[in-house]
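Here's the letter readout for the chains.
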Amino acid sequence: MPKNNLHEPETGTAIFLDDVSIRYRLPSDAVKTFKEYVIRLVQGRIKHKEFLALKHINLEVKQGEIFGILGRNGAGKSTLLKVVSKVLIPKDGRVWINGYISPLLQLGAGFHPELTGRENIYLNATLLGHSRAEIDLKLEEIIAFAGIGDFIEAPLRTYSSGMNARLGFAVASAWQPDILILDEVLSVGDAAFQEKCFQRMQEFRDSGATVLMVSHAINQVRSLCQRAIWLDYGEIQTIGSVDDVCDAYQNALATH
Amino acid sequence: MIYDSAKRKHPALEELLALFRYRDLIYQLVRRDIVARYKRSVLGVAWTMLNPLLTMIIMVVVFQQVFSSTENYAAYVLTGIIVWTMFSQSTSMAMSSMVWGSQLFQQIYLPRSSFVLSTILASMVNFVLSLIPLGAILIITRVPFRPSALLLPVYMVFLFSFSLGVALIISTLAVFFPDVADLYPVILMAWMYLSPILMPLEFYRQILNGLLLYINPFYYVVNLFRILVFEGFVPHWQTWAATAFVSFGALVIGWIFFCKKADSFAYHA
Numbered sequence: 001m002p003k004n005n006l007h008e009p010e011t012g013t014a015i016f017l018d019d020v021s022i023r024y025r026l027p028s029d030a031v032k033t034f035k036e037y038v039i040r041l042v043q044g045r046i047k048h049k050e051f052l053a054l055k056h057i058n059l060e061v062k063q064g065e066i067f068g069i070l071g072r073n074g075a076g077k078s079t080l081l082k083v084v085s086k087v088l089i090p091k092d093g094r095v096w097i098n099g100y101i102s103p104l105l106q107l108g109a110g111f112h113p114e115l116t117g118r119e120n121i122y123l124n125a126t127l128l129g130h131s132r133a134e135i136d137l138k139l140e141e142i143i144a145f146a147g148i149g150d151f152i153e154a155p156l157r158t159y160s161s162g163m164n165a166r167l168g169f170a171v172a173s174a175w176q177p178d179i180l181i182l183d184e185v186l187s188v189g190d191a192a193f194q195e196k197c198f199q200r201m202q203e204f205r206d207s208g209a210t211v212l213m214v215s216h217a218i219n220q221v222r223s224l225c226q227r228a229i230w231l232d233y234g235e236i237q238t239i240g241s242v243d244d245v246c247d248a249y250q251n252a253l254a255t256h
Numbered sequence: 001m002i003y004d005s006a007k008r009k010h011p012a013l014e015e016l017l018a019l020f021r022y023r024d025l026i027y028q029l030v031r032r033d034i035v036a037r038y039k040r041s042v043l044g045v046a047w048t049m050l051n052p053l054l055t056m057i058i059m060v061v062v063f064q065q066v067f068s069s070t071e072n073y074a075a076y077v078l079t080g081i082i083v084w085t086m087f088s089q090s091t092s093m094a095m096s097s098m099v100w101g102s103q104l105f106q107q108i109y110l111p112r113s114s115f116v117l118s119t120i121l122a123s124m125v126n127f128v129l130s131l132i133p134l135g136a137i138l139i140i141t142r143v144p145f146r147p148s149a150l151l152l153p154v155y156m157v158f159l160f161s162f163s164l165g166v167a168l169i170i171s172t173l174a175v176f177f178p179d180v181a182d183l184y185p186v187i188l189m190a191w192m193y194l195s196p197i198l199m200p201l202e203f204y205r206q207i208l209n210g211l212l213l214y215i216n217p218f219y220y221v222v223n224l225f226r227i228l229v230f231e232g233f234v235p236h237w238q239t240w241a242a243t244a245f246v247s248f249g250a251l252v253i254g255w256i257f258f259c260k261k262a263d264s265f266a267y268h269a
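Going down the list, the protein sequences come from chains E and H.
Note that the first sequence covers residues 1 to 256 in this note's numbering.
Note that the second sequence covers residues 1 to 269 in this note's numbering.
No lab work stands behind these hints: they were computed from the structure.
Just so you know, not all the hints are guaranteed correct.
With a straight-line cut-off of 25 Å between C-alpha atoms, the simulated SDA-like cross-links for lysine to any residue are [as the list claims (entries may be wrong)]:
hint, chain 1, residue 1, chain 2, residue 2
1, E, K86, H, K39
2, H, K261, H, L19
3, H, K9, E, H7
4, E, K91, H, C259
5, E, K35, H, L54
6, E, K32, H, L19
7, H, K261, E, R157
8, E, K86, H, K261
9, H, K7, E, E10
10, E, K35, H, F176
11, E, K86, H, S96
12, E, K35, H, M93
13, H, K39, E, H7
14, E, K138, H, F20
15, H, K261, H, S102
16, E, K91, H, K39
17, E, K138, H, C259
Given only the sequences and the hints, what does the whole structure look like? Please build it.
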């Protein structure tokens, strides 16, 4: 794509998407095995049916903004988050991100059961892109936040699922992100720990992080966000002030 | 820290830079592979050393009579087994770690070659450990120590490059086609019997005037190892060049192929 077709982000922008489309191969049509691929290649019968998960998305989110994303299941919300966090690199359009983004990683993914809690902190945090020196600085804080006491020297297979999740959250949230993604309602551990998680998220927000909030709860979005988009069929249906978008989305839900 | 999908370098270069940024991750992954492997097993490190020895004993018991003309068949076969074990195990494990890792690639960004590279590095540690039983067998069978063995570190660069190159290719295929994981053991088995691992070199020299050897890249990999530690002389530069050519060739081809496809991994659930 020629560069002069692309727009440039304005100053003070955190997230900038310019005409981004994401194409998946349709699972029903995809060639599943290597054998089949070779056979079809010989026969000259390789064709690709494609499915557009995102269609020509243009989006600009300012630094410090709390931005809502609304839409049904399968509307393209997760795909959009993957594009923003550099997991899916689009072949069409341009993604421009300024700052460190909180990871989308499932809590505790990448943990190893045979390693101790301390060793798993290092493993998990390096997976998230942090260096050894950075982890050394945060280690005590992570251990304290997870609240698992002497278990930190025990192998992870001896942990309860709650301890596992707490350690995962403690690592994932140890570094203040410039862009915070709030994807699902926090449901980690007991009520006291949930309160701690909620507080930490609030701190991030108050210290000026840009927030991308994905939620089904329209009232929550309405009360927290300033602007929002409504996604459906991979397209932006409405973008603008949170009240306009929420009204449009609610109307659409009511008429269906 | 700005990420801009419109301003990207060549994928092969970009992956290299990303690996450098994530070097602490590579260290953690190698450490995990080694620690997890030895933590729970009672015999621990000993298994890495015992496995090739046991295979050697079986081969000697079965084939000693058949290959009686081969001088010191035990040491010959053990050198072959050690190199082959490193290559076949590391590439197979790299493929499974890639399939495991592709779940993570759906969630976060990390250099896509991290898991393959760390698996091969961890296998190199096992390779060094397996040199201990080899040394013991060489002493027992009265093969004198010769200075050519000091060139082993150079050889290990070749073995590492060749294994990494092949691992990158099959790991890429395995992400797109799950049946590659079933196919690869069969290919490995055929490849092993077509390479001078268990049977004497003479046997292969007689087939098609040795053509089977010269078109097989693994021949050059195992041959140099045997010359250095078993036959004990510093080979002609052409022997070095041939091994370097297949090793670095495999690495360059594997690296470019892998990096070109790496962006697509996240599209394949």
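Hint by hint, which ones does this structure get wrong, listed from lowest number up?
-> Going through the list in order, the structure violates hints 1, 5, 6, 7, 13, 16 and 17 and respects the others.
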